[in-house]
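J.: Protein sequences, first through last, are from chains R and C. Basically this note's numbering = 1-based index in the first sequence + 28. Basically this note's numbering = 1-based index in the second sequence + 28.
Keep in mind the hints are simulated off the structure, nothing from the lab. Think of the CB as a built atom: it goes at the ideal place given N, C-alpha and C, for glycine as much as any other residue. Please note: incorrect hints may appear among the correct ones.
[As the list claims (entries may be wrong)] Residues of chain R placed beyond 10 angstroms of chain C at every Cβ, according to the derived structure:
1) Ser62
2) Gly74
3) Gly84
4) Ala119
5) Thr126
6) Asn181
7) Asp222
8) Val251
9) His295
10) Asp345
11) Ile372
12) Thr423
13) Ile430
[Unchecked claim] Only part of the chain R face toward chain C is listed, based on derived beta-carbon distances under 10 angstroms:
14) Val69
15) Lys132
16) Leu199
17) Ala208
In case you want the letters, here they are:
Protein chains: 2
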Amino acid sequence: MAKKQQTAIAPLRADDYPEWYQQVIKASDLAEKSPVRGCMVIKPWGYALWENIMRGMDDMFKATGVRNAYFPLFIPLGFLEKEAEHVEGFAKECAVVTHHRLEKSSDGGLVPAGPLTEPLVVRPTSETIIGDSFAKWVSSYRDLPILINQWANVVRWEMRTRIFLRTSEFLWQEGHTAHATREEAVERTQMMLDVYADFAEDFLAMPVIRGRKTASERFPGAVDTLCIEAMMQDRKALQAGTSHFLGQNFAIASGIRFQNDQEQEEHAWTTSWGSSTRLIGGLIMTHSDDNGLVLPPRVASAHVVLMPIIRRAEERDRVMTYTENLAAHLRRQYYYRRPVQVEIDARDIGGARGWEWIKKGIPVRVEIGPKDIDKDAVFVGRRDREARERESIPTDEFVSGITDLLDEIQHNLYQRALDFREANTVSLEAREAFCRYFTPRNAAKPEIHGGFAQAPWCGEAACEAQVKEDLNVTIRCIPLDASQEDRHCVYCGQPGRYRAVFAKAY
Amino acid sequence: MAKKQQTAIAPLRADDYPEWYQQVIKASDLAEKSPVRGCMVIKPWGYALWENIMRGMDDMFKATGVRNAYFPLFIPLGFLEKEAEHVEGFAKECAVVTHHRLEKSSDGGLVPAGPLTEPLVVRPTSETIIGDSFAKWVSSYRDLPILINQWANVVRWEMRTRIFLRTSEFLWQEGHTAHATREEAVERTQMMLDVYADFAEDFLAMPVIRGRKTASERFPGAVDTLCIEAMMQDRKALQAGTSHFLGQNFAIASGIRFQNDQEQEEHAWTTSWGSSTRLIGGLIMTHSDDNGLVLPPRVASAHVVLMPIIRRAEERDRVMTYTENLAAHLRRQYYYRRPVQVEIDARDIGGARGWEWIKKGIPVRVEIGPKDIDKDAVFVGRRDREARERESIPTDEFVSGITDLLDEIQHNLYQRALDFREANTVSLEAREAFCRYFTPRNAAKPEIHGGFAQAPWCGEAACEAQVKEDLNVTIRCIPLDASQEDRHCVYCGQPGRYRAVFAKAY
Chain R
29 MAKKQQTAIA PLRADDYPEW YQQVIKASDL AEKSPVRGCM VIKPWGYALW ENIMRGMDDM
89 FKATGVRNAY FPLFIPLGFL EKEAEHVEGF AKECAVVTHH RLEKSSDGGL VPAGPLTEPL
149 VVRPTSETII GDSFAKWVSS YRDLPILINQ WANVVRWEMR TRIFLRTSEF LWQEGHTAHA
209 TREEAVERTQ MMLDVYADFA EDFLAMPVIR GRKTASERFP GAVDTLCIEA MMQDRKALQA
269 GTSHFLGQNF AIASGIRFQN DQEQEEHAWT TSWGSSTRLI GGLIMTHSDD NGLVLPPRVA
329 SAHVVLMPII RRAEERDRVM TYTENLAAHL RRQYYYRRPV QVEIDARDIG GARGWEWIKK
389 GIPVRVEIGP KDIDKDAVFV GRRDREARER ESIPTDEFVS GITDLLDEIQ HNLYQRALDF
449 REANTVSLEA REAFCRYFTP RNAAKPEIHG GFAQAPWCGE AACEAQVKED LNVTIRCIPL
509 DASQEDRHCV YCGQPGRYRA VFAKAY
Chain C
29 MAKKQQTAIA PLRADDYPEW YQQVIKASDL AEKSPVRGCM VIKPWGYALW ENIMRGMDDM
89 FKATGVRNAY FPLFIPLGFL EKEAEHVEGF AKECAVVTHH RLEKSSDGGL VPAGPLTEPL
149 VVRPTSETII GDSFAKWVSS YRDLPILINQ WANVVRWEMR TRIFLRTSEF LWQEGHTAHA
209 TREEAVERTQ MMLDVYADFA EDFLAMPVIR GRKTASERFP GAVDTLCIEA MMQDRKALQA
269 GTSHFLGQNF AIASGIRFQN DQEQEEHAWT TSWGSSTRLI GGLIMTHSDD NGLVLPPRVA
329 SAHVVLMPII RRAEERDRVM TYTENLAAHL RRQYYYRRPV QVEIDARDIG GARGWEWIKK
389 GIPVRVEIGP KDIDKDAVFV GRRDREARER ESIPTDEFVS GITDLLDEIQ HNLYQRALDF
449 REANTVSLEA REAFCRYFTP RNAAKPEIHG GFAQAPWCGE AACEAQVKED LNVTIRCIPL
509 DASQEDRHCV YCGQPGRYRA VFAKAY
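Let the sequences and hints guide you as you build the complete structure.
T.: Printed below as a string of structure tokens:
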């Protein structure tokens with residue numbers, strides 16, 4: 029029973045996690061590097077996943093009154109400079125457009141020509157350009173709130189890139205809202221964090237901790253940054269979405285002013301919140317295994333693959349007809365407002381076929397041969413179980429039970445991830461234990477360490493910086509549901525003010 | 029009966045069409061200019077329209093086997109240079125990224141820093157960068173066809189811009205396919221043109237002519253460019269979508285090679301096809317009137333606005349409850365796979381409210397007052413009829429008939445546009461009549477002229493150029509269904525080879 033399984037991905041997760049990650053992406057055909065430094069090509073199997081993420085999240089945004097819009101890709105340099113902390117935070121990673129045409133040089137090659145009077149920055153985020161519109165749209169409290177989202181590409185010139193996790197160009201949504209009162213903006217910041225958390229847990233089957241960033245980890249220009257943090261299978265943390273309360277900082281920078289109901293002029297209170305194709309990286313590292321990608325059904329690029337088994341030419345018609353009928357029946361079922369997505373793979377490539385779909389992470393694999401058809405049954409494999417563990421199910425039962433089956437897989441993935449996080453989270457109060465927890469157990473595999481530590485923290489930036497320098501560990505967040513702290517800071521011994529989550533992070 | 033109507037838009041279409049167009053956009057709140065030269069802000073009412081266009085078209089693409097993907101925003105200069113005609117066509121309008129960060133200058137301001145070794149062009153179209161991926165993806169005829177689409181932003185640095193029609197940044201889709209044979213690629217080029225034509229007619233209610241561009245109007249690098257052309261209400265033509273057969277030009281430039289089934293190496297045959305936010309400009313100019321925007325129901329940002337009429341405070345609860353119930357009933361109906369989209373506008377701003385929705389082009393307006401409720405009826409106005417022409421309809425009947433009503437409006441808009449085009453299209457054979465047809469009837473309004481002329485053309489680029497220089501008239505296309513021509517060229521008198529559609533154009 030316990031004999032060693034063959035695995036489809038090399039190296040194993042346990043042996044070289046970063047390389048395993050790249051190999052899972054390659055084997056599943058989600059995406060690949062492009063010839064443009066740090067930019068990725070999202071291939072159809074990966075983009076379908078992103079489409080499902082967009083659709084699910086967009087519905088949730090709209091249910092809270094948010095509407096989509098679109099703002100320019102380019103930001104005039106002068107706009108970025110309006111908020112001092114903001115520009116400081118992004119200046120080092122901006123792609124800058126300086127010319128608007130190409131000209132033949134003396135050696136016949138093309139060179140940039142038509143210099144711009146004011147350089148344009150390719151948006152790294154859009155607070156300043158959207159703030160300029162908001163300033164025009166708002167004059168009275170009756171114009172508020174403004175609740176806007178945009179789905180867009182952004183560019184941050186990263187020096188070290190990794191597909192989905194950190195790329196120079198990535199796809200994201202950025203929400204921007206303006207409110208008449210501080211309270212309303214704070215409430216919206218929290219509401220959108222909850223949307224992210226619910227989406228991550230319900231759609232991506234990725235359990236998250238909702239928390240607040242420390243001052244040093246805040247979005248440049250924000251008063252308060254809330255975040256969701258998830259644990260990957262190497263026990264490192266991934267920040268999967270952030271929601272910022274911007275106070276009046278950007279409203280002052282952009283001139284978003286309104287007359288309140290007492291006819292006095294005030295600056296609006298704004299928020300912004302974003303999540304990106306990084307979620308795909310999080311999904312991969314939460315669920316995938318040594319056989320490749322594992323897709324949660326609610327966002328899966330497809331749900332079911334049908335693999336007809338045709339050993340003799342004279343069986344072809346019968347098997348294909350049965351397969352196509354089955355596909356038609358499955359597609360008539362709905363799973364969370366999408367028709368069940370069915371792929372038919374009739375290639376004659378032997379066992380490689382099933383393994384390809386395992387590597388691609390499709391939730392359900394179905395083999396259909398003449399003997400199955402004889403008994404009106406199908407032979408079903410599930411991606412949340414061992415590759416070889418398959419069972420024969422009467423076809424009617426399979427069709428009528430497909431949405432329950434998908435739900436069960438979705439739930440199993442979530443539960444497994446939650447169990448993993450809980451098994452790798454500790455509460456610590458002693459500095460020695462804290463240091464030991466984050467020390468690699470095997471010098472050859474520095475990425476493997478304890479996991480998440482919940483521990484008291486003094487609240488001082490200097491202490492936080494020391495932890496980072498000494499252990500490469502950061503405060504991921506102060507959980508929103510954390511209790512008041514009355515013990516001593518786990519690292520410096522000063523009175524503890526917060527119970528923080530410490531971890532190594534992406 | 030024929031007394032002069034008040035209109036909501038000034039100037040009238042007949043008095044100043046270009047300014048009328050800008051005013052329709054402003055009054056309907058679709059979009060506005062941005063502080064970035066030539067770039068637009070698409071506001072929520074406009075973006076909802078674009079979302080519906082994307083959804084409708086995307087479904088049609090997918091039904092033909094196309095899948096979405098995403099490729100980098102940036103194109104290395106060297107890639108663009110690979111296809112000589114292509115780079116020639118786009119060099120004059122490229123935004124060029126030359127630096128990857130910002131640095132404080134001696135006067136404290138920010139200046140571009142970190143010069144790139146090779147400048148990057150912000151994609152004006154993606155043949156070359158996508159071709160690079162295709163070259164990696166294809167090695168055998170078994171890997172073909174590749175059928176890819178991407179929804180993306182592109183930048184073409186235009187000197188004279190107009191919202192939706194010609195902007196420096198616009199949103200679009202670009203399809204790219206690679207095939208093993210010339211025949212298959214030609215067939216795909218035609219198939220996607222048909223998708224565009226069907227979409228324009230069925231969704232946008234915009235009748236189009238399917239045709240072929242002359243050599244001088246081809247996409248840079250294409251062997252053949254097919255297009256759909258529509259007539260705007262100023263009788264000018266708008267090119268609303270193009271589908272290009274690229275032969276092997278780009279496959280050679282990008283190295284897309286494959287082994288055919290005889291184990292010989294060949295270059296693939298490629299196509300590309302695109303349509304953009306320009307479609308919104310076409311929609312506006314096809315249907316809108318002197319009261320503002322008119323939205324075809326199948327893509328409308330919303331279908332129905334409910335306007336409760338509350339004259340006394342004690343009526344509020346009853347009227348609002350009735351209104352909300354009605355909204356709930358309407359939203360349970362589906363119109364082309366979307367739930368009927370209902371807005372409730374309970375603002376107490378008198379007659380301005382109804383006019384606002386007329387200007388925004390919503391297909392159906394419903395007023396609900398206590399007297400209507402007494403007889404369980406609603407007071408309904410349709411955007412395809414006069415603003416003042418409204419009728420009382422029993423509420424049950426209105427709800428159960430809503431999708432028929434929307435369909436009727438959709439059909440009426442299409443028929444009206446088709447009638448207009450037919451009334452403003454002539455067949456001409458004499459040069460004198462041809463010149464007169466395109467001469468403005470009123471020197472003060474040079475944009476008003478005849479319309480479309482179908483006429484014989486010799487096929488010579490020099491003749492085509494002369495027509496353009498003399499009359500500012502271009503050959504929009506050679507209609508795909510045009511009969512063989514045996515008369516003399518309408519302009520130069522040489523033997524006519526084609527029956528072409530001539531028009532002034534956007």
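J.: Could you run down the list of hints and mark each one as holding or not?
T.: Here is how each hint holds up against the structure:
no., hint, in the structure
1, Ser62, "violated, 5 angstroms"
2, Gly74, "violated, 8 angstroms"
3, Gly84, "holds, 15 angstroms"
4, Ala119, "violated, 4 angstroms"
5, Thr126, "violated, 5 angstroms"
6, Asn181, "violated, 6 angstroms"
7, Asp222, "holds, 23 angstroms"
8, Val251, "holds, 24 angstroms"
9, His295, "holds, 20 angstroms"
10, Asp345, "holds, 23 angstroms"
11, Ile372, "holds, 13 angstroms"
12, Thr423, "holds, 27 angstroms"
13, Ile430, "holds, 21 angstroms"
14, Val69, "holds, 5 angstroms"
15, Lys132, "holds, 8 angstroms"
16, Leu199, "holds, 7 angstroms"
17, Ala208, "violated, 17 angstroms"
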